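Engineer: Listed below, chain by chain, are the residues.
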Amino acid sequence: MTTKSARRSPARPLGGRLARATLAFTLAAGLCLGAAACSSSSGAGGGSITVYTYGDGSTDIQQTAVNDFNKTSKVKVDLVVVQGSDYTPKLRAAMGSSAAPDVFFNWGGGSILPYVQAGQLVNLTADFSQAPLKGAFLPSIVAAGAVNGQDYGVPMRGMQPVILFYNKALFAQYGLQTPDTWSAMQAAISTFKAHGVIPFALGDSDNWPSLMWLEYLVDRIGGPSVFTGIQNGDTSGWSNPAMSTALGDIQSLIKEGAFGSTFTSTGYNDNAATTLLGTGKAAMQLMGSWDYSNQLTNHTAFAKNDEAFTTFPAVPGGVGNAADVVGNPANYWSINARTKNLSTAVAFVEYMAQASYEKALLAGGWITTNSDTASLLPSFPNPAFGEFQFQMVQKAPAFQLSWDQALPTTVGTPLDTEVGKFFAGQVSVSQFESDMASAQKSDSSS
Amino acid sequence: MTLAAPRPAPARAPRRRGPGRRAARVGRPRLTWALPGLLFFMLFAVVPMLYSLYLSFCGNWGGIGSAHLVGAVDWQRLVDDSTIRQATRLTIELTVLSWLFQTPIALLIGVWAAGRQRHRAVLSAVFFIPLVLSSTAISLLFKALLDPNFGLAHAIGPWIGFSDGNILGSPNGALAMLVFVGGWQFMPFHTLIYQGGARQVPQMLYQAAEIDGAGRVAQFFHITLPQLRHTITTSSVLMVVGSLTSFETVFLLTAGGPGSATTTLSFAMYQNAFADFNYGYASALGTGLVVLSTLLSLLMVRFTGFGSMRSAREGM
Amino acid sequence: MRRVAIVTSTRMNTDPELSGRATRRRRPLRARLRRANPAAGLASLVWLLIVVVPVYVMVNASLMPQGEALGGKLLEPAAHATFANYQLVLRSGFFHLLLNNVIVTVATIAIVLVLCVPLAFAVVRARGARALLVFRVFLLGLAIPAPVIIVPLYVMVSKFGLYDSLWAIILPTAAFAMPVTLLVLVGTMRDISEELYESMAIEGASPARMLVSLVIPLSKGGISTVSVFAGLAAWNGLIFPLILTQSPQNQVLTTGLWNLSSEYGVDVPATLAALTLSAIPMLVLYLAARRALISGVMGVGGK
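Residue numbers (this note's numbering), protein chains in the order written: chain F, 1 to 446; chain V, 447 to 762; chain X, 763 to 1065.
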């Protein structure tokens, strides 16, 4: 502030530069406020429905399906890809507001339980008893999308068992055997460590990839009943001896360098772990079958030539069946009960039963969950892998849904965080068990 | 900055009762002028705070359906929760470390920059680069650079004691990076504050000291620092309150990890609310944070005299 | 900023713009050496490096194709420089992010000014203890950090039907910028001498006229300071857009950058290209209005 402006008589009204600046600013502000008003809530109603899907690098197939659907539908579908690491919170926040999606991606089980309990999902049982949904999908898969015997989800992606992927070229280079037994796996770990290759790529910073290790170990050591008990509300299951042994085994694996040394800041959602495997910096990865799709897109040569797959080994002394599988039976579309375009939403989810969609999924590296999948397997990009995965799921005595999706989110997400803390060495075995037990106890919806 | 009146005050307009009082009243706005602003602020800042207090007594409300008063369950849990105690400890550590990292450097460079004229252009350009990038951009930049597999961490890690480049993946490394990135981002801001403060120190004092034979170091400690007392307080308080509630850097750079090694209070709040869907507990945590922050703010108001509306010129 | 006339051998002028033009007397070498501050000089040099290197890597690596960056050699100048990453970012809806950001920023500044200028005027000029009370309410508001009330704010915003709209960002951001704004404006208006008010009062000016003709012109400095402050808060804000918006069309620069960096994953050059692009608007503004920006930042903490 200089003295110049004070010398101008204050009685004279605003003039010149100040007035023009004010006018310009007011116009700009007015325009912006107007623009803001026009860009208000996206949401159901009118000429379109919103569909939320999980963003993990393989959403092109869904986008193509949406484009095809929109060609013949009066009410258009707007596919919103929510980035994976933020999917569950965003979905929850949106469902609690007026801008909720009409249709959304989920994992069945505990992931839709709170919405069902609040009456926010459309019951699809009747739709499953008529064409085109009737008999289109494998019954066990449809059942995994049900709550209390009522169907709430239509399968929209392939089956996703967790598989042990490995680089067969590297294995051949070091003369190692397929890591489907514990001793072979241990031999591989020590050999790779000695040669500066990360034995297992692990996206630990996202937490849920590490959970897969716990899931398989507990199953192999104590059988599926350990977790089923927990799922049914028995919090003492967390201190089951099988759980403690599994946790101890993980500590040993970490100590012997099975995951390298940078796993605590390596993620999966940003493709870091997948890239480590795809570029030969790591030799193996325990991951859901969707990773094959990822590799096919990002490291095609590796996926086609060097990538191999096997089952998680049995653990010596364990009572679990080595053919048990953990993972996601499928992903589902569920419909928001508050949708203003129910018929379009139903038509969209029924589109999943279309042969064209099924074929697109297969071509993209997914083993579909349709009833006729077996006959279409030869069209899978890697027929051997397709056959392997299909048989794996068909023959599995038990297919356990990922724990963080089987449990309600209010327990599942703390579980992920706790697993992250465990892998980082910040909680002990007993602390993990008591933390999880109290997290489950204090949750009101379980 | 006092401005000279454009003409001398009329001789016969002393302030006194009667017509004089009315003259003094004319032209004063009524307090209703403050109403729109006040109401707006109350709606978007004060009401949520009260609502937060209410929610903290609503137990495990998850955002679906409506909330019901349940009791002081969450407050009980808050007191017993070891994670929260750890988060509090981490928050205090982060705050203190940030202050220790930023203040001496900003002070040194700010005072130096106040005197030097020659390299000002280069200096100001350089110091302003971090201000041009948003907090989000800076955190994402360092996240990419510090990636242990595909960033610079592998190259520079060994120099600072992390042979495998796993800086963000170790608890100490992650905390150190939070302090560093926070400093990288806010150093220009605080340097400018100190520069502005140092410019106002009367040169005469330095002159006198030089004549008395005081060296540069003595001048710094006996003249510069005392004169900058007010500025140091301002900068420190901004730094402390900012650190206590800083969320963006933790969210983007470490996501509270590895594990929960950098889960500060505000991140724990976010996690409880939007990852675990424990709105009641998160509200209790939030309300506690507000109380802490309010105490600090009151101290700030008391200590620096902001509360009184005296002009800044007074007392100079 | 006082001038001391007695000593002629030392520059007393602390106004940076004038110093360059004023004639400088070469001081004797010994005196210059004594004035030199090697510690601070060194610190500045080191800090210069610390600031420049990440920015250099950001721009350098953004020009690399992804394969080259996977090799980890980000420090070396890009061997096969390409603009492909920038094209990718621009194709990913970058301009839309920029537009949303501008809308949010201008609207926030507008609301803050429209509400706070009369508010500050009232606080400064109105009689009675209630004026002080109003001021104190806002000061307490300084203590309320945004992350803390985000939960009830989210619930409220949903109930108002504003969830996932730009308003959901604008309104809370404006509200949270108000305490500091009021602080600065009150300080500025308080500096306007009482006599000016009285002379206008004697002329029979209404409060509105006083505001428009006297207070606003004389508060230009404070108004630009708070505009800068509120503008920066809106431009760079993350937590409100993060929690209160969702769909791609309502993303602003900050949430957009986060989304893009997540989408690009280990494609580090693409992420860095996005970050570089996001810095350009502010850089342009900085170059155009450097003094206003700097004094704006200094004004917040200076008093």
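Everything labelled a hint here was simulated from the structure, so no lab data went into it. Values in this document were obtained by computation on a predicted structure and should not be read as measured data. Using N, Cα and C, we set each Cβ at its ideal position, and we do this for glycine too. Hints should not be assumed to be uniformly reliable.
[As the list claims (entries may be wrong)] Okay, the calculated beta carbon distance ranges per label pair:
#1 ARG675(V) / GLY257(F): 24 to 34 Å
#2 ALA601(V) / ALA384(F): 11 to 21 Å
#3 ARG338(F) / LEU811(X): 52 to 62 Å
#4 ASN321(F) / LEU741(V): 34 to 44 Å
#5 LEU861(X) / VAL663(V): 27 to 37 Å
[Unchecked claim] Heads up, incomplete: computed chain V residues facing chain X, CB under 8 Å, no partners named:
#6 TRP545
#7 ILE555
#8 PRO604
#9 SER729
Engineer: Any of the earlier hints contradicted here, and which numbers?
Structural biologist: Violated hints: 1, 2, 4, 5, 6, 8; rest satisfied.
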